[in-house]
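Use these hints to put chain R onto chain S, whose structure you have.
Chains as they are written, first to last, in my numbering: chain S, 1 to 637; chain R, 638 to 1082.
Relax, there's no trap hidden among the hints.
Under the rule of at most 20 Å between Cα atoms (straight-line distance), these lysine to any residue pairs were calculated in the SDA-like manner:
#, chain 1, residue 1, chain 2, residue 2
1, S, Lys444, R, Val658
2, S, Lys108, R, Leu660
3, S, Lys72, R, Arg843
4, S, Lys444, R, Glu675
5, S, Lys444, R, Glu679
6, S, Lys72, R, Val853
7, S, Lys176, R, His878
8, S, Lys123, R, Arg843
9, R, Lys696, S, Asp446
10, S, Lys108, R, Asn698
11, S, Lys72, R, Asp901
12, S, Lys72, R, His878
13, S, Lys123, R, Asn688
14, S, Lys444, R, Leu660
15, S, Lys341, S, Leu299
16, S, Lys123, R, Ser687
17, S, Lys123, R, Gly689
18, S, Lys444, R, Phe676
19, S, Lys167, R, Ser880
20, S, Lys444, R, Asn698
21, S, Lys444, R, Lys696
It is worth saying that the hints were derived from the structure and are not from the lab. This structure is a prediction, so every number in the text was calculated from the model and none was measured.
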Amino acid sequence: MVEFNYEELGLRVGLEIHQQLDTKHKLFCDCPTRLASPSTPTIEVIRYLRATKSEIGEIDPAALYEMQRGRKIIYQVPQGHACLVELDEEPPHELNREALAIAIAIAKALHSTILDEIHVMRKIVIDGSNPTGFQRTAIVAIGGYVDDEEGRVGIQTICVEEDAARKVDEGPGYVKYNLDRLGIPLIEIATSPDIKSPDQALRVAFKIGLIMRLTGKVKRGIGTIRQDLNVSIKNGVKTEIKGVSKLELIPKVIKYEVMRQLKLLEIRDELRRRGLREEELSYGIYDITEIVRRSRSKLIRKLIERGNRVYAVKLPKLSGILKIEVQPNRRFGTELSDYAKAWGGVGGLIHSDELPGYGIDEKITDEIYEYLNLEKGRDAFAFVISEKDRAQRALQAVIDRVRYALKGIPRETRGANPDGTTRYLRPQPGAARMYPETDVPPIKVDESILREASKYIPKTPDKLLKELVEVHKLSKDLAFNLIKDPMLHLYLDLVSELGNDVPPKIIASTLMIHMKSLKSEGVNVDVIDVDTLKKVLLAVGKGEVAKEAIPEILAEYARGYPKTVIDEIISKFKGLSRDEVVKIVRKIIEDNKDEIIKRGVKAFNFVMGKVMSIVRGKVDGKLVAEIVKNELNRLMS
Amino acid sequence: MLSLDSKGKYEDIKEGDFVRVKLRSGEVLEGIVMPATEFSSEDIIIIKLSNGYNVGISKRNAEIEVLGKSKISIGKEYPMERTRIEGKGSLRLAFISTGGTIMSKVEYETGAVRPAINVAELIDMVPNLLDIVSYVEVEEVFRLLSENMTPKHWEEIAKIVAAKFMKGADSVIIAHGTDTMSYTAAALAFAIRNLPGPVILVGSQRSSDRPSTDAVMNLRGSIITASKAPFGEVTICMHGHTSDTYVLVHRGVRVRKMHSSRRDAFQSINDIPLAKVVPTTGDFILLNNDYIPRSRGRDVKLKPRFSDKVFLLKAFPGIDCTIIEYLASMGYKGIVIEGTGLGHIREDCIPVIERVIDKGVIIVMATQTLFGRVNMKVYTTGRKLLKAGVLSADDMLPEVAYVKLSWLLGNVNNVDEIKRLFVSNLVKELGSIHHENYFPRWYHG
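One chain only, chain S, in its complex shape (with noise of 0.2 Å):
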């Protein structure tokens, strides 16, 4: 992919990072902050909110209308895990001291300002994610920094706050709701937008991360740590992208937004150079039923057999455009189907430019053409198949959209896909309805919470650095560019969780050196998913395959997957015991008898060459020189 001159761009990232804290208690009551198994004994509740007009918040459009409309939520209550405070049934208990000092010795870490007097403030949320219909939260600090190479970056706000409900399940006209992650504390720390490139926001971003980790207090693992980002460009717009859920993600998503950007941009142009007009698009549907039912497709026909209708919209000088792509796989048309999606709760849309296509073929396409009175070449339509109340709302998005691609880029909050893309999730929400907590009283900051923050200041990278060079016996160059690697967390998760039974410089080496050289050797080593690592790593530790075999079990394993078992491959690597070296050891001994005595001391390395060619990746190979000098010695003795 082309580099952007990210500078002549006027590229401006600000970084938002949800972490939870892990305390004894949440954030307004005494519950633990675990999440509940499948097997937890649960009742359901089930509740409506109230959406009254002006409270849009943080919610897609199709849920606002069901939520309007009387959606059903139904909370899943496991036992143990949530209470009369998250049921909204009990008002909330003070605010969690262990969580405050938490923030603010990370607020510290970070040079921010400490507030005087804390203030919990409900911000409508009414998504259903939370049973009151709001979540509680509060700014802790302002202000304060991260130093970078590329320059300083500054921290806006530090808050404290409840993590929302955690949603099971959604379907026509209720969604599903857990309690047990509800009241959960988390940490938000908001920067500046003064981050000036995707690797500059990697490096903060990573920065603020470790920050949080050396604590102690954060928790690790899947869904504990939502990373969001703000991207705008010069003449571009500030877009919102919501859970970039892993680090190395960051730099991908903000190239992939700038180049979204840049080429809503180019597409803006070219629909004033074709001469289109905003009066020209209209929010007028057609059916076209009983021409596409003639199609192939099997699906079109189900959905027109289910009752459903072909409603279609007409693009007038669009042909081209909507095959355009604004991000990898990702097209013009794309964005327009999020759009319907998300208004329409309809499950996407099909356009002229993908056709013939989709059992469509070329001539149903053309009596599209002429139906709609549109010429072929020149403009477009979409159409979408579902009811036509649904229909309706779904394509006047489009419409909008179209119209708005005229005037430049929508300010939009996105959310971040797997690859480094990201799709349409809801416009952009004015500021939050926001009012006092006021069944939480203020807190002051005084010298008890101040005393209870000292505990938890993380120590500095130097003092890890230190840590990973003295205690955990790495050499000081891995150590050195294992603390400025995302590569990190990872490490010191399995060194806290296998560091009795491995030996971190292995954990290290494995994690900077083996993957990263199979990396460059093409090995995909994506696939290679943590509890393998740990299943490799543990077999070394136990004595069961030597730390050589790593680079080639974990070789075999990516290039064989998803067929490859990593317990089957550790097998076939499985160690010889001593007694088995020594067995191997003798006969080549006793075997080449006289070429040894012939070559006396240099005899070792001839020894060596032949039984490692025998034993290599099974065993380690100082055991095998130990053996081997014991042997020769006897021998010689």
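Quick look at chain R alone, frame taken from chain S:
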């Protein structure tokens, strides 16, 4: 630029001012000054930032500059106008408001409290309202937290409710705080008879500015009840379950708030609720066939006076019996003892009780177990209490016994007549048959 004077006071900064605050650390904030709360320290000034958050800054750590006045008027209380709106249906509805959580709405910007329910809000919460009512008339009578209600307030409410019926209403809905809602309900049940339709007290445990408010279901249930109920009784309509599935319509003299915060706090005691309503379907399900039917004709019987000289006294081990004498000396005309078990109090108190009754004070015995009946014939203590002249409240709730005695003392002159009426079943506040399922089931594993 204002900075701290020697006393640490800011004379010239007012709520609603738009200020710039420079902190000692160098950070600069801008926002609107908010009213101080009861909990904040004195040196703290509260600023609302443009992102909506409030922050507390110590005046000792900051330099504050007033940049102007914001357009928001802080902390104002708004009166509710009386309004009447016509609909296409047949129900003639009067809606009166006495206050409570259901009626309070917090304004986002300022924290000011507004009465939440006017006609527009009602229609927003009950979308088909205008299809059901021929008119709805909304009037604010008080704006009270219900713990501040007194028997004088019950009198006023009773008069207004009766007047509404006399003017043609088929039903009256009363918005009320939940804390003492059952007291007011009982009061109205005794004070107004021959009701042509239900009087429905309704409240909420979560205020209506909250998206999760129980007010919506409760109000919808109340309106369905007003139009479909066959009874002419004073009732309370609140959630029957923590889920937003159905509301219960309880007989006002048989209901009690049984939890400090749950939506389904109100439960019928020693009786079954009159009805169950499912607001999402509009279903009205009669649960209890023993009800006072709607009266024919328009003559509502009103006897609104209450005595404020009745005391509700809870018995406990070691209670100092002279308190009873003291109450009498203070002029109390009636004492409801919330006794233990079947209706007992420490034996030492019996002579005092006898003395006080002989002086003309009416003493009645209810039970602090709430469930079950008072029966003073079973044990010696009880028998002695009966001999002393204590009346049994039978299966009346202590709160209802208190209200009933207060009403009787307010409207009836003759002490013997009061005693006779006290033990008579006036509005189904007593019941001779107790079914097994009156007692709730708790979780036992």
